[in-house]
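Enquirer: Could you put together the complete structure from these sequences and hints?
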Amino acid sequence: MTTLNHFLVLSAILFSIGTVGVLVRRNPLIMFMSIELMLNAANLAFVAFSRYLFNLDGQVIVFIVLTVAAAEVAVGLAIIVALFRTRATVNVDEANALKG
Amino acid sequence: MELAIFYVFALGAVIAAIGVVALKNPVYSALSLAAVFVALAALYVLLNAPFIAAAQVMIYAGAILILFLFVIMLLSPETERGIGALPRQRWLAALFGIALVVELAVVLGSAVLPVSRGPFTPEQLARVGDTEAVGALLFTDFLLPFEITSLLLLVAMVGVIVLAKRRG
Numbered sequence: 001m002t003t004l005n006h007f008l009v010l011s012a013i014l015f016s017i018g019t020v021g022v023l024v025r026r027n028p029l030i031m032f033m034s035i036e037l038m039l040n041a042a043n044l045a046f047v048a049f050s051r052y053l054f055n056l057d058g059q060v061i062v063f064i065v066l067t068v069a070a071a072e073v074a075v076g077l078a079i080i081v082a083l084f085r086t087r088a089t090v091n092v093d094e095a096n097a098l099k100g
Numbered sequence: 001m002e003l004a005i006f007y008v009f010a011l012g013a014v015i016a017a018i019g020v021v022a023l024k025n026p027v028y029s030a031l032s033l034a035a036v037f038v039a040l041a042a043l044y045v046l047l048n049a050p051f052i053a054a055a056q057v058m059i060y061a062g063a064i065l066i067l068f069l070f071v072i073m074l075l076s077p078e079t080e081r082g083i084g085a086l087p088r089q090r091w092l093a094a095l096f097g098i099a100l101v102v103e104l105a106v107v108l109g110s111a112v113l114p115v116s117r118g119p120f121t122p123e124q125l126a127r128v129g130d131t132e133a134v135g136a137l138l139f140t141d142f143l144l145p146f147e148i149t150s151l152l153l154l155v156a157m158v159g160v161i162v163l164a165k166r167r168g
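If you're matching them up, the sequences are chains A and B in order.
Straight run, no breaks: the first sequence in the numbering used here ends on number 100.
Straight run, no breaks: the second sequence in the numbering used here ends on number 168.
Hints may be right or wrong, so weigh each one.
[What the hints assert, rightly or not] Covered, in the sense of this in silico footprint (three residues per stretch, anywhere, with C-beta under 8 Å from a C-beta of chain A), are these stretches of chain B:
(1) 5-19
(2) 23-34
(3) 39-50
(4) 53-66
I should point out that these hints are in silico values taken from the structure, not numbers from a laboratory.
Note that beta-carbon positions come from the ideal geometry of N, C-alpha and C, so glycine has one too.
Expert: Structure representation (structure tokens):
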């Protein structure tokens, strides 16, 4: 029988993998994908709590998080495209000037 | 039986997540991320949330992943050069990652479920229907976040068009 703790530990593992991905990889697109992984881990925790506490607020919050994540990905990718279209390199460590 | 299904999809999600972080080619990472999304959707169905599972597949695997692939293809020749972190940074990041996962797993694995429960037991949910119940909540208790989310989408659309437009 799966308990709440099973899903929470899985959520923790996915979140940690996403964190390590943001810290280790220097390609901005893969960093962004790791952030999406962290968001999905949080979504899993929300839905698990919603099921084990017999409360549907978690599912509604996940619905809103999905929408916010979509908007965030669109804006973030537009920023990456605008930033790395004017520069020759795609190294996040070199993108340190506010005005291109 | 439920435990077996959980372990199958949990293992798939973890392996695909490691693939996202570890694979060199960004296209392979994006496809591995799609596998994570689908595995999580299967887990949502296991958690009596079929509407959220369908929304997850549609929004994440159907829209966000396509957007990622577009940008990867657009920027691909430039993203191949000059990607190297310091070796010590990688080992420190792995160390902190292991510390984080051990700490989180220990705390969350021994967590005790809160006492107060709500009204939506799985039997009740099977009778009412998950989509109808989430929709009813979304338009009554959560009306303000819903409207703010639609405003956020409008702002995101305007921002993306302004950011991605070519100058001149």
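Enquirer: Which hints, by number, does the structure contradict?
Expert: none
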